[in-house]
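Using the hints provided, position chain B relative to the given structure of chain A.
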Amino acid sequence: MDSIIIDQLTKKFGSFTAVDKVSLRIQKGEIFGLLGANGAGKTTLIKILTGLSGASSGKATVAGFDIHRHVEKVKMNIGYMSQKFSLYEDLTVRENIQLFGGIYGVSSDYIKTKTTLVLDQLGLQDSAKKLVKSLPLGWRQKLAFSVAIFHEPKIVFLDEPTSGVDPITRRQFWEMIYAAASQGITVLVTTHYMDEASYCDRIAIMNAGKMEALGSPGELKAAYQVDHIEDVFIHIVR
Amino acid sequence: MIQIEQISKSYNAHAALKQASFKVDRGELFGLIGPDGAGKTTLIRILMTLLLPDSGKAHIGQWDVVKDYRKIRQHVGYMPGNFSLYRDLTVEENLRFFASVFGTNIKTHYHLIKPIYEQIEPFKNRRAEKLSGGMKQKLALSCSLIHRPELLLLDEPTTGVDAVSRQEFWQMLGTMKEHGITVLVSTPYMEEADLCDRVALIQNGEILEVASPKNIVDHFSSHLYRIKGKERLGLINALRSLSLFTKVYPFGEYIHCTSDEAVEPVVISQQLGQLGMDEIVIEAALPGIEDRFIELMA
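Same order as they appear, the protein sequences are chains A and B.
Letter by letter, the first sequence follows residues 11 to 248 of this note's numbering.
Letter by letter, the second sequence follows residues 1056 to 1353 of this note's numbering.
Bound conformation, chain A alone (with noise of 0.2 Å):
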């Protein structure tokens, strides 16, 4: 089954086509990871199937709702997570979770229930009353995850997760990834960091606006004959 079905989309702003005729298909639990240096058409396509902004043209369903028609449904249905803004700083760990919760309109008993289960997944249990910046970096990090997934989304798109953080904790975080996209969440990573695509199932590579390359890290990096995926990029981008 299909989570994201993308065909033929286009964004123009004035005579610059940000994004330019982009077809893809994205499988329910799979792990996606989006590439392309800045100003790509990444975060303009991301926009697009996030609700937050309108296409030129083409079609999109996201979570199997139309992007054009029913974009609340969309918005519903889908989670978010960024390296810049995920969490308020100045709330608790508790109030961080309460307020993404009700803001995606779940039920009280809901919010209660799953508070407990994230606390303990997550070993806050004792740290729930804290501001989140007090936090380390990396506990704020899976922490902002588990928000964008409280209310148990289809999709979950995640905009670059993990740079900056050090290499245990990064991992830590792959394996919670990896455990959403096992219960069916379909998880679109975008990135420029290579070594970050190479967690995914599959990448796609984007450069002008146009899709250029998609398969697994494998598959491009044999059909480059390169060996890593940074090299795939560099000779895309050239």
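One or more of the hints may lead you astray.
Straight-line distance between alpha carbons at most 20 Å, and here's what the computed PhoX-like set of lysine-lysine pairs gives [what the hints assert, rightly or not]:
1) A:Lys83 / A:Lys69
2) B:Lys1232 / B:Lys1078
3) A:Lys124 / A:Lys139
4) A:Lys231 / B:Lys1283
5) A:Lys38 / A:Lys83
6) B:Lys1078 / A:Lys38
7) B:Lys1122 / B:Lys1112
8) B:Lys1285 / A:Lys231
9) A:Lys122 / A:Lys140
If you are wondering where the hints come from, they were derived from the structure by calculation, not from laboratory data.
Positioned in the frame of chain A, the structure of chain B alone reads:
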């Protein structure tokens, strides 16, 4: 060129640096590698005389970072982590301004920045804020070199920069050696270690290890295997349930497993087979900097 002895620095209760010590030789391209919050910026700011250490000593050449701050500021080039140029000035105005601050002009040491500056010269009348990320980096590097420093301190110059610009930037750093300029560069990207002559690995304010990239990898003391299969999460849990490995962690497309004693891949595959896991690729693997970093962290 740089001598750091037992430098400590705390912000209130948080210890940002804990008795950090290492040396950087003249002419070296030296990497300071660690995650966000490890203490990289604190250390660079102390070396640049922008921050005082609580204890310990540091010297740049014969100059003490506390007493001889004026000398250091004249002879060291510095590129901070956030974009440090004047956004409202053009490319050329920025360069001219930095030259004048150091009492020189663009011409005197132009040969030094020529290969870098030529790439942005077509845009010399463009305001700095209108430049792309890669071009901003090139301008910032040009400005930090304009007074021909003996030492260049670069705080995460490649963070947030795309792969192509990153590669170009490292090529530029490689050429500093020809001019006899020592470079200390910090980065959160482990894979950039290979581009340095030597590196210091830093985590939680502690220097974990200082060596050449090759020696760091050689210090990895366990046996390492890389394993690949369809159900990643299931495979990780299965591998952890075997009593063969000291550590099991995801590593890109693979799962890395470490053990104190050598393990035959066929033994791993048999034991996984008993758990109902097949079509698994198992190979002995060469460790990378990240494997060693993980080993040192634990």
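(message) Tell me the hint numbers this structure goes against, listed in increasing order.
(response) 6
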